[in-house]
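> Fit chain D to the supplied structure of chain Y, relying on the hints for placement.
Protein chains: 2
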Amino acid sequence: MSDLKTHSCEACSSDAPKATGEEKQQLHKDVPDWEILDIDGEEQLHRIYKLKNFVKALEFTNRIGDLAEEEDHHPVIVLEYGKVAVSWWSHKIKGLHKNDFILAARTDAAFNNMQ
Amino acid sequence: MSDLKTHSCEACSSDAPKATGEEKQQLHKDVPDWEILDIDGEEQLHRIYKLKNFVKALEFTNRIGDLAEEEDHHPVIVLEYGKVAVSWWSHKIKGLHKNDFILAARTDAAFNNMQ
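Residue numbers (my numbering), protein chains in the order written: chain Y, 1 to 115; chain D, 1 to 115.
Bound conformation, chain Y alone (with noise of 0.2 angstroms):
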């Protein structure tokens, strides 16, 4: 069971070091219903959610915005029909930092709450 839901994210600054290949797949356990994507070359977790309907999927939308918020760190999201999509990264190191993962479990927690 992970809980890097309950990590603590580090300030993210342009110096800030990417996570490296094997902290990488360290974290990817945490968080296995996340793709990592190349997009443009910058890294990128991507996860498309279900949902019943748009109601539920601004609510869940919503959910994300709070936990964006609360870290100043904020993600791309797809609201559609029963569907939202998900992308963290870190653009100001275009690619992905230990936080990304943490918002990532933290999205899927706030998923899993609204079941």
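In short, the hints are calculated from the structure, not lab data.
We put the CB at the ideal spot given by N, CA and C, even for glycine.
Some hints could be false.
Reference listing, derived: stretches of chain D covered by chain Y, where coverage requires no fewer than 3 residues with Cβ under 8 angstroms from a Cβ of chain Y [to be verified]: (1) 42–48; (2) 61–67; (3) 78–89.
Label pairs and their in silico Cβ distance ranges [to be verified]: (4) Asp38(D) to Asn113(Y): 35 to 41 angstroms; (5) Gln26(Y) to Thr6(D): 54 to 60 angstroms; (6) Ala109(Y) to Ser13(D): 39 to 45 angstroms; (7) Ala85(Y) to Asn112(D): 27 to 33 angstroms; (8) Ile48(Y) to Gln26(D): 36 to 42 angstroms; (9) Lys56(D) to Glu59(Y): 34 to 40 angstroms; (10) Glu70(Y) to Asn112(D): 28 to 34 angstroms; (11) Glu22(Y) to Glu10(D): 57 to 63 angstroms; (12) Pro17(D) to Ile48(Y): 29 to 35 angstroms; (13) Glu22(Y) to Asp38(D): 40 to 46 angstroms; (14) Glu35(D) to Met114(Y): 31 to 37 angstroms; (15) Asp33(D) to Val55(Y): 26 to 32 angstroms; (16) Glu59(Y) to Ser13(D): 26 to 32 angstroms; (17) Lys50(D) to Met114(Y): 28 to 34 angstroms.
Below, chain D without anything else, positioned relative to chain Y:
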């Protein structure tokens, strides 16, 4: 000054007629900031709005959600920090119905009300 936002939406079934070329041209004049994009053979209305930050973008997303639920017609919304991209089209007819232009006009009005 457009009053398209005050028009009523019609029930849209899979045998509803798509807007004709001439109708689209006319309706488009009322929502000139929207692009008509061809996505995999289906026309969609598309507009990107700039907002001050994530909270404002999320607030606008919720207002669009209210419009969508009122008419039981749902867009795709891409939400990110300071930016909301909206696509309206009629899935059932795989293209544009007058309703989409009405909802685009209402989305513009919701945005203008936030300024």
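> Identify every previously stated hint that the structure contradicts and give their numbers, smallest first.
Of the numbered hints, 1 and 9 do not hold.
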